[in-house]
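Chemist: As a plain string of letters, each chain reads:
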Amino acid sequence: MTAVRVLVGTRKGAFVLTSDGKRQSWKVDGPHFGGWEIYHLNASPAEPNRVYASQSTGWFGQLIQRSDDGGATWSPMSNEFRYDGVPGTPQWYDGTPHPWEFARVWHLEPSLTDPDTVYAGVEDAALFVSRDGGGSWQELSGLRKHGSGPSWQPGAGGMCLHTVILDPSRPDRIHVAISAAGVFRSDDAGQTWQPTNNGLRSEGIPDPGAEVGHCVHRLAMHPSRPDTLYMQKHWDVMRTDDGGDTWHEVSGNLPTDFGFAIDVHAHEPETIYVVPIKSDSEHYPPEGKLRVFRSRTGGNEWEPLTKGLPQSDCYVNVLRDAMAVDTLDECGIYFGTSGGQVYASPDGGDTWDAIVRDLPAVLSVEVQTLR
Amino acid sequence: MIDVEGAVTQRTVLDAVEAAFPVLRGTMRDHDGQKRRPFIRFFVGEEDRSHDDPDDPLPVSVADGSEPFYVIGAMAGG
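The listed protein sequences correspond, in order, to chains S and R.
Following our numbering, the numbering of the first sequence begins with 1 at its first residue and continues without gaps.
Following our numbering, the numbering of the second sequence begins with 1001 at its first residue and continues without gaps.
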């Protein structure tokens, strides 16, 4: 029987929401790891009951948890993220040298084919991989060592590697995004890397040909079009159709092109979703109206989606990892807010409802379709 | 109660605790330099031992088990 499982990371614990294929009635399980920041939970596409979680606090640092029963029970795995060498020193917000320092795991991306292989994007920006189900972690240090590392600077949330995209058509291709260094691509399973930021423009970077330095907030890809990536940047929604070699802007008629989250309809590779946020200091929707914007043309032409979302006095934020889609025939779209709501649309965004309202501030949302 | 072989110091006590409970590695002191995490403090009785050298001997009362070695998280909220 078809079911949907929504994995929600929040500031004070993890929650697992489950429903059948109708997506009308939801069971809320949690909080797991109550009191801890759960930056991300993500499940293996190869083994749906295998779920990894990033659990951290300022007091006790980082833990990694693994579930083998879909999030019902958990076991701690290795939390040792040891940088492989010191290839120069990146910069602090003021441009002064600031040595690499591990802070937390921002994003976990399980392999498409092996439940024991999982990538971790961390702060200070680096990419790690475990090939033993979280029992140990090794840095893919070619990323920090390819040369531009010393010129990386943090975004306001820290210098984080927050997005990892695995190409389903090329097992050795990995895209990552770092705030505020930009996008990088590997074509040899993470051994060597190149920046892929050509075409990005950022007001604070005077050189239009700058190789790195852009504050990329999030990337999204449809598995049937792996050369097309969509990007929500610190201002601008961008698109590439050549695997990141070149980017062009598709913000079009959005009321504001600042935001964090972006995602793609499960069955329509040209249908994308963003949640416009007023500005880089005002992290809430314009005019107090929570609107998801959908483009059916891969960008440029956008329509607001409002039915069931608050259209007054709403000043929540939606973070970069807090939007996801299911793969049911009528694609469901989900996002979580800083106000603790998780909204879901069972019809591609035409209508919305809060499936849970009063969680702690939501940091991440992932969705599994279980058949 | 934790058994510690040899000198009883902050380092050897925490080594023994982490050996017995591996999930605690990296949660009281960092993996690399074994520096105390900033929001963690070490106490013996009412004495703050957080800034002591980790290899200094702890009081006899800790070594003989009559007094605990406290690892305390900050009260600071967040």
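I should point out that these hints are in silico values taken from the structure, not numbers from a laboratory.
Even for Gly, the Cβ is constructed at its ideal location relative to N, Cα and C.
The reader is advised that the hints may include incorrect statements.
[What the hints assert, rightly or not] A short, non-exhaustive set of chain S residues, derived as facing chain R with CB atoms under 7 Å: (1) Gly61; (2) Trp74; (3) Pro76; (4) Asn79; (5) Glu80.
[Stated by the list, open to error] 35 Å max Cα-Cα, derived DSBU-like pairs, lysine-lysine: (6) S:Lys145 with S:Lys307; (7) S:Lys307 with S:Lys289; (8) S:Lys278 with S:Lys27; (9) S:Lys307 with R:Lys1035; (10) R:Lys1035 with S:Lys145; (11) S:Lys27 with S:Lys289.
Chemist: All hints, please: hold or fail.
Modeler: Status of each hint after checking the structure:
About 5 Å separates the beta-carbon of Gly61 of chain S from the nearest beta-carbon of chain R, less than 7 Å, and the hint is met. The beta carbon of Trp74 of chain S comes no nearer than 11 Å to any beta carbon in chain R, farther than 7 Å, and the hint placing it at the interface is violated. A cut of 7 Å between beta carbons decides the hint on Pro76 of chain S: the least distance to chain R is about 4 Å, and the hint holds. Because the beta carbon of Asn79 of chain S sits about 5 Å from the nearest beta carbon in chain R, less than 7 Å, this interface hint is met.
Interface hint at Glu80 of chain S: satisfied, since its Cβ lies 5 Å from the closest Cβ of chain R, which is below the 7 Å cut-off. Between Lys145 of chain S and Lys307 of chain S, the direct Cα distance comes to roughly 48 Å. Violation of the 35 Å bound is thereby established for this hinted pair. Annotation: proposed proximity of Lys307 of chain S to Lys289 of chain S holds, straight-line Cα distance about 11 Å (limit 35 Å). Distance check on the hinted pair: Lys278 of chain S and Lys27 of chain S sit about 33 Å apart at the alpha-carbon level, within 35 Å; holds.
The straight-line distance between the Cα atoms of Lys307 of chain S and Lys1035 of chain R is roughly 52 Å, outside the 35 Å bound, and the hint therefore fails. The straight-line distance between the Cα atoms of Lys1035 of chain R and Lys145 of chain S is roughly 26 Å, inside the 35 Å bound, and the hint therefore holds. Annotation: proposed proximity of Lys27 of chain S to Lys289 of chain S holds, straight-line Cα distance about 28 Å (limit 35 Å).
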